[in-house]
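Asker: For the first sequence, the positions run 2 to 451 when the numbering used here is used.
For the record, the hints were derived by calculation from the structure and aren't laboratory data. For glycine and all other residues, C-beta sits at the position ideal for the given N, C-alpha and C. This list has only true hints and no planted wrong ones.
Pair by pair, the computed Cβ-Cβ distance ranges are: (1) Ser69 with Pro5: 23 to 31 Å; (2) Pro5 with Gln174: 36 to 44 Å; (3) Lys263 with Thr450: 58 to 66 Å; (4) Glu86 with Phe279: 49 to 57 Å; (5) Val441 with Pro8: 50 to 58 Å; (6) Glu245 with Gly54: 36 to 44 Å; (7) Asp61 with Thr11: 16 to 24 Å; (8) Thr227 with Pro44: 42 to 50 Å; (9) Asp131 with Ser50: 20 to 28 Å; (10) Ala307 with Ser69: 41 to 49 Å; (11) Val434 with Glu245: 48 to 56 Å; (12) Arg137 with Phe446: 45 to 53 Å.
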Amino acid sequence: MIKPSIPSGTRDFGPVVVRKRNYIFQTIRSTFEVYGFQPLETPAMENLSTLTGKYGEEGDKLMFRILSNNDDKLAAAKAAASNKEMSSILSDKALRYDLTIPFARYVVMNQQELTLPFKRYQMQPVWRGDRPQKGRYREFYQCDADVVGSNSLLNEVELLLIYDTVLTRLGLQGYELRVNNRKILSGLAEVIGKQDLLTDITISIDKLDKIGAEGVRKELAARGLTDADITTIEQFLAISGTSEEKLAQLKTLLAASETAQKGIEELSFVINSGYAPFNTAPIIDVTLARGLNYYTGMIVEVKAPATVKMGSIGGGGRYDDLTGMFGMKGTSGVGISFGVDRIYDVLEELKLFPEATQQSTKVLFLNLGEASARAAFSYMMQLRARGIAAELFHESAKMDKQMKYADKRGIPYVVILGESELQENLLSVKNLVSGQQEKVSAAAFAEMTF
RNA sequence: GUGGCUGUAGCUCAGUUGGUUAGAGCAUCAGAUUGUGGUUCUGAGGGUCGGGGGUUCGAGACCCCUCAGUCACCCCA
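Please build the complete structure, drawing on both the sequences and the hints.
Answerer: Given below as structure tokens:
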């Protein structure tokens, strides 16, 4: 016999966990809906050509490829000249790596029918062949909201408000909405004359929190930057103060770059729009870079409250030419993503799940024999018609056992229809929380709330 | 892909310098209780000690290999 198991980095979700997860999903979904976003779902797998090259070298490595194991392909693969050729013969599909690229693909495929701007949300699992660790899974859910076909910075403002709304509704406090603009980072590379090293620079400075100023300096040197370059970057990283002070320092330091000035302007608008109040105001973090290199404007990352050591629970940004890679030029997109699995871990750690998420069956009818079950069934159907979750114990087991079942399931009410009740034409309703029991008529029962 | 730590009952873990038949708590099931749950008491089931090899008179323990889990790095939600 094989010991049953599941692949590492994947999880089963039991009833209690699913209920809690649904609470998060519902909070996010309803917020997306009230902001005017429409639902979209795409297949778990995409053609490999849709996905490869979109997430950088690392992304290609972490992609779960689907093996096409029919005999013809296997034979052809054996004759392949290189590993690369062999793998492209063996696999032409992969599980989706995120929701943004499939969305871009969908937009391009349906561009004739779509009314722009198109605002969609999508909540589905994605897969990454990563080594699992705390807060990192190989199958996890993302909840994305994106807008394509609108250049207005009001989108950015609204998306930040969505973060603020959802996290507040989930009862989270102490989270940080960190905002930056890719044009500023791009301008920094421009100022030191190393635009080709933009990605290296951003990856390094993004680690400032983790490895410190000295670590960043070492890494930048290793990536081919001169001492003079590094000095400029360190001045950049030293930027601090209030948002206004940071913006002013950026303006001075990056005065030579028009791109940077544009980015500073955008950042200033997003931070200071004043269209609506935030519960937790977004903050400027010039070291925020984010990995995906298709971002071109605002970038945002949500940090979990510092006490839980979880890091990022969401992120997003603007990409001016997302659909360009599929041949549809000049359409801008901006979007955000919630990492549900990490939010779950954070809420769990901070004990922020409301009790009410666990309520399921409200009333259990005890089964005390054929006549009892028959009478109970019709009362049960009345409750169900009223929208009250109810069940009947299907076996005519000992009362003790049935009561224990109700207790363990957390069912708050038990209805007893034994011989005496049937004779009197009454129902005994017991509240398991208080221990109180009362006999009521059928008419009174039809009015009871649970 | 790289490194550290951990694998004993369904779960959490004991198990002495290597020594007889591997234990506890929780959980499960049954009974005390033939119309009343939570608390209590009694009893039962449940293990090729992750797998394979080695050292030894003797291995859950020591050595090697392997698999799995976990944490960290890379990268990322």
